[in-house]
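Each chain is listed here by its residues.
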Amino acid sequence: MLKKKMMALATVVTLAGTILSACGGASTSDNSSKKEEKVKIGMVTDLGGVNDKSFNQSAWEGLQSFSKKNDLKAGTKSDDDVRYLQSTQATDYTPNLNQLIHQNFNLVFGVGYLMASDVTKVAQQNPKANLAIIDSVIVDKSNKPLKNVASITFKEEQGSFLVGVVAGLTTKTNKIGFVGGINSELIKKFENGFKAGVKSVNPKAEIYSQYAGAFDAPDKGQAIAATMYGKGADIIYQAAGATGNGVFTEAKSEKKHGKKVWVIGVDRDQYEEGLPENVTLTSMVKRVDKAVNDVSQQTKDGHFPGGQILSFGLKEDGVGIAPSKQNVSKDIINQVNDYKKKIINGSIKVPTTDKEFKAFKS
Amino acid sequence: MTKILKNVHWFNIIVPIIAVILGLLVGAIIMLLTGYNPILAYQSILESVFLQPYYTGETIRAIIPLILTGLAVAFAFRTGLFNIGVEGQLLVGWFAAVAVSLMFSGLPKLILLPLAIIVSALAGGLWGFIPGLLKARLKVHEVIITIMMNYIALYTTNYLIKHFLYAEGEKTPNIPEAASLASTFLSNLTQGSRLHWGIIVALLAALIVWFLLWRTTKGYELRAVGYNPHASRYAGMNVKNNIVLSMVISGALAGVAGSMEGLGTYQYMMINSTFIGIGFNGIAVALLGMNTSIGVIIGAALFAILQTGSITMQSTAGVPTEIVSIIIAVIIFFIGSSYIIRWCLLRVTKGGK
Numbered sequence: 033m034l035k036k037k038m039m040a041l042a043t044v045v046t047l048a049g050t051i052l053s054a055c056g057g058a059s060t061s062d063n064s065s066k067k068e069e070k071v072k073i074g075m076v077t078d079l080g081g082v083n084d085k086s087f088n089q090s091a092w093e094g095l096q097s098f099s100k101k102n103d104l105k106a107g108t109k110s111d112d113d114v115r116y117l118q119s120t121q122a123t124d125y126t127p128n129l130n131q132l133i134h135q136n137f138n139l140v141f142g143v144g145y146l147m148a149s150d151v152t153k154v155a156q157q158n159p160k161a162n163l164a165i166i167d168s169v170i171v172d173k174s175n176k177p178l179k180n181v182a183s184i185t186f187k188e189e190q191g192s193f194l195v196g197v198v199a200g201l202t203t204k205t206n207k208i209g210f211v212g213g214i215n216s217e218l219i220k221k222f223e224n225g226f227k228a229g230v231k232s233v234n235p236k237a238e239i240y241s242q243y244a245g246a247f248d249a250p251d252k253g254q255a256i257a258a259t260m261y262g263k264g265a266d267i268i269y270q271a272a273g274a275t276g277n278g279v280f281t282e283a284k285s286e287k288k289h290g291k292k293v294w295v296i297g298v299d300r301d302q303y304e305e306g307l308p309e310n311v312t313l314t315s316m317v318k319r320v321d322k323a324v325n326d327v328s329q330q331t332k333d334g335h336f337p338g339g340q341i342l343s344f345g346l347k348e349d350g351v352g353i354a355p356s357k358q359n360v361s362k363d364i365i366n367q368v369n370d371y372k373k374k375i376i377n378g379s380i381k382v383p384t385t386d387k388e389f390k391a392f393k394s
Numbered sequence: 094m095t096k097i098l099k100n101v102h103w104f105n106i107i108v109p110i111i112a113v114i115l116g117l118l119v120g121a122i123i124m125l126l127t128g129y130n131p132i133l134a135y136q137s138i139l140e141s142v143f144l145q146p147y148y149t150g151e152t153i154r155a156i157i158p159l160i161l162t163g164l165a166v167a168f169a170f171r172t173g174l175f176n177i178g179v180e181g182q183l184l185v186g187w188f189a190a191v192a193v194s195l196m197f198s199g200l201p202k203l204i205l206l207p208l209a210i211i212v213s214a215l216a217g218g219l220w221g222f223i224p225g226l227l228k229a230r231l232k233v234h235e236v237i238i239t240i241m242m243n244y245i246a247l248y249t250t251n252y253l254i255k256h257f258l259y260a261e262g263e264k265t266p267n268i269p270e271a272a273s274l275a276s277t278f279l280s281n282l283t284q285g286s287r288l289h290w291g292i293i294v295a296l297l298a299a300l301i302v303w304f305l306l307w308r309t310t311k312g313y314e315l316r317a318v319g320y321n322p323h324a325s326r327y328a329g330m331n332v333k334n335n336i337v338l339s340m341v342i343s344g345a346l347a348g349v350a351g352s353m354e355g356l357g358t359y360q361y362m363m364i365n366s367t368f369i370g371i372g373f374n375g376i377a378v379a380l381l382g383m384n385t386s387i388g389v390i391i392g393a394a395l396f397a398i399l400q401t402g403s404i405t406m407q408s409t410a411g412v413p414t415e416i417v418s419i420i421i422a423v424i425i426f427f428i429g430s431s432y433i434i435r436w437c438l439l440r441v442t443k444g445g446k
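As you go down the protein sequences, you meet chains A and B in turn. Note that this note's numbering has the first sequence beginning at 33, numbered continuously upward. Note that this note's numbering has the second sequence beginning at 94, numbered continuously upward.
If you are wondering where the hints come from, they were derived from the structure by calculation, not from laboratory data. From the three backbone atoms N, C-alpha and C, an ideal C-beta is built for every residue, glycine too. One or more hints might be untrue.
Looking from chain B toward chain A, a few residues come up when the C-beta cut is under 10 Å (computed) [unchecked claim]:
| hint | residue |
| --- | --- |
| 1 | 140 |
| 2 | 195 |
| 3 | 234 |
| 4 | 261 |
| 5 | 282 |
| 6 | 285 |
| 7 | 310 |
| 8 | 312 |
| 9 | 359 |
| 10 | 370 |
| 11 | 405 |
| 12 | 408 |
| 13 | 413 |
| 14 | 417 |
| 15 | 430 |
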């Protein structure tokens, strides 16, 4: 009986201890010193979270480099000037955006087109707040851009064209694959730009393209890649988010068995994803970080691009070919640079839709 | 104290309260260990939810679907069925409500709004009917089927949106004003939150469930089947029909929860890449509420406070939202192990004699 009493006593002491130590924590954190007016910039992630190895992460990297340049503090603490809020479910988007606006942030980014309707609503409710969205265009009911939202879009077709040129010149079998995530207007830009690039340098090449129907299904990506490599393709361009990881897995196992195959990565420089078998030919990079950084800097300088549709292409360095070029020959790089110039000066107009691609081919 | 503990009724109330307190304590310990300030975190939850109208509104909005999914799980529990398919039934109801309001957008509000809610209940009910029937006729375990039905619901609704009701942004078009539960009055009252009239529907549903289960003969039968199906059959009740009925009503409640999201919170349905979780949270709400109407309302309120609070906790105290998920998990853990709490309580009180 005594033993049990002692145990009960021990429990009570531990509990009391935690409560007291919790109280102790409160007294030390009363350093809410007033700071002079600084620019405050925030972003709200979509469900992928800030470490998604894709555009949420890229956007946060952009904000981090912005804060470094301007000597601001970036982090998750409540008194940081540059911060992010993560969303755990779709209902969190609106309250998260509002939260930053209520705290008088000078600019709030909504990362990803899934947040478009939330950004629209919040922007209309808070006409004085400045917002920005990535991969979408925010308009009101009469299709006019909202004055307090900067819409950031990318010319993915231009970057895809360049990796298409690389693929068209590198292929030995004249068969090339494209694996897309969800069949949508956005991913169609990747596909058609890529096909146009391939056809410009290698009209005989055959292109298989297929959509997995999801951005988070590596198994499907792997199955599609296996079929394409089986049909004789030696290069696959993946624009499929996490689904694309399956393409890498398949390419690595093909290479282990002696077949010479390549993958072209997307969004970030995916050279490392291809190691150790070294299957990444090159990557089409989409510089969300640069766009976020640019818009933040403009806002800080008092030129918030509200109501504008910003389009980041080759010219703005918003898309392009990855810096890792070990696997691409010098000769090909030179040709890529020629095409880059032609796209920038407008003598080549890269198709974005199936219709435009048909017109481009003929 | 021992007298109170021997009274089962009181004990049922004490256990969830202790579980919640323990959950919050464990959450506090984790925050301390990871270098966050738990007092500031909990304070920010309470301040935002009770003092800032916007978050009060958002909290009440989050309560609405949780009450309905909680009731759905609780209702099936009363008949001895574990309906894990609430999530899928919710998605089906959500889609049905949005689809009906888009199809009949010309109807006046007085007809269209009730029609959309009723259709969502029918759709959810159908999704509950299938596992109910399989369970009653073929003795297939309802847990297995309802899990599978969740996936069918998720991908079927995605397919239907993609091919028939697609609008830019991976969602359906917005529903017409005539089908909307949103209210500018409630929104203005709470500084522009998304609070909508669905709260009345949810509270009404809680009342109906209570009345049905405790004040009607059918409800008595349903509960009797839950307590002991063999004795019920011996007493002349139709156990099979009661199982099917219970799953249909449970599914209907979940379907209405879906319509609350479609007609109230979002005004559309998006293509979900994974489950949204309101249905699964409903299981926890029902457990916490001890499968009673009033308990479910309280449980839903607690979960909604934690969920909305996690947003302000993240922004004012810098605590990651994952901590709230841990607290919720710990609370469920302690409710699940209510036997331990009971044992501890009895030891402590005996020792005090």
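Results of checking the hints against the structure:
With 10 Å as the threshold, the beta carbon of residue 140(B) stays out of range of chain A, its nearest partner Cβ sitting at about 13 Å, so the hint is violated. Contact between residue 195(B) and chain A, as hinted, is not supported at the beta carbon level, the nearest pair being about 16 Å apart and thus beyond 10 Å. Among the interface hints, the one on residue 234(B) is violated; its C-beta lies about 27 Å from the nearest C-beta in chain A, farther than the 10 Å criterion. Annotation: interface hint on residue 261(B) holds; nearest CB of chain A at approximately 8 Å, less than 10 Å.
The beta carbon of residue 282(B) comes no nearer than 14 Å to any beta carbon in chain A, farther than 10 Å, and the hint placing it at the interface is violated. Here the hint on residue 285(B) is kept, as its CB sits about 5 Å from the closest CB of chain A, short of 10 Å. Taking 10 Å as the C-beta contact cut-off toward chain A, the hint placing residue 310(B) at the interface is violated, the least distance being around 40 Å. The beta carbon of residue 312(B) comes no nearer than 33 Å to any beta carbon in chain A, farther than 10 Å, and the hint placing it at the interface is violated.
The restraint placing residue 359(B) at the interface with chain A holds, with a minimum CB-CB distance near 8 Å, inside the 10 Å limit. A cut of 10 Å between beta carbons decides the hint on residue 370(B): the least distance to chain A is about 6 Å, and the hint holds. At about 7 Å, the closest approach between the beta carbon of residue 405(B) and any beta carbon in chain A falls short of 10 Å, and the interface hint on this residue holds. Taking 10 Å as the C-beta contact cut-off toward chain A, the hint placing residue 408(B) at the interface holds, the least distance being around 5 Å.
Because the smallest distance between the Cβ of residue 413(B) and any Cβ of chain A comes to about 7 Å, under 10 Å, the interface hint for this residue holds. Because the smallest distance between the Cβ of residue 417(B) and any Cβ of chain A comes to about 8 Å, under 10 Å, the interface hint for this residue holds. For residue 430(B), the suggested interface contact is broken, since its CB lies about 15 Å from the closest CB of chain A, more than 10 Å.
Hints 1, 2, 3, 5, 7, 8, 15 from the list above are not met by this structure, while the remaining hints are.
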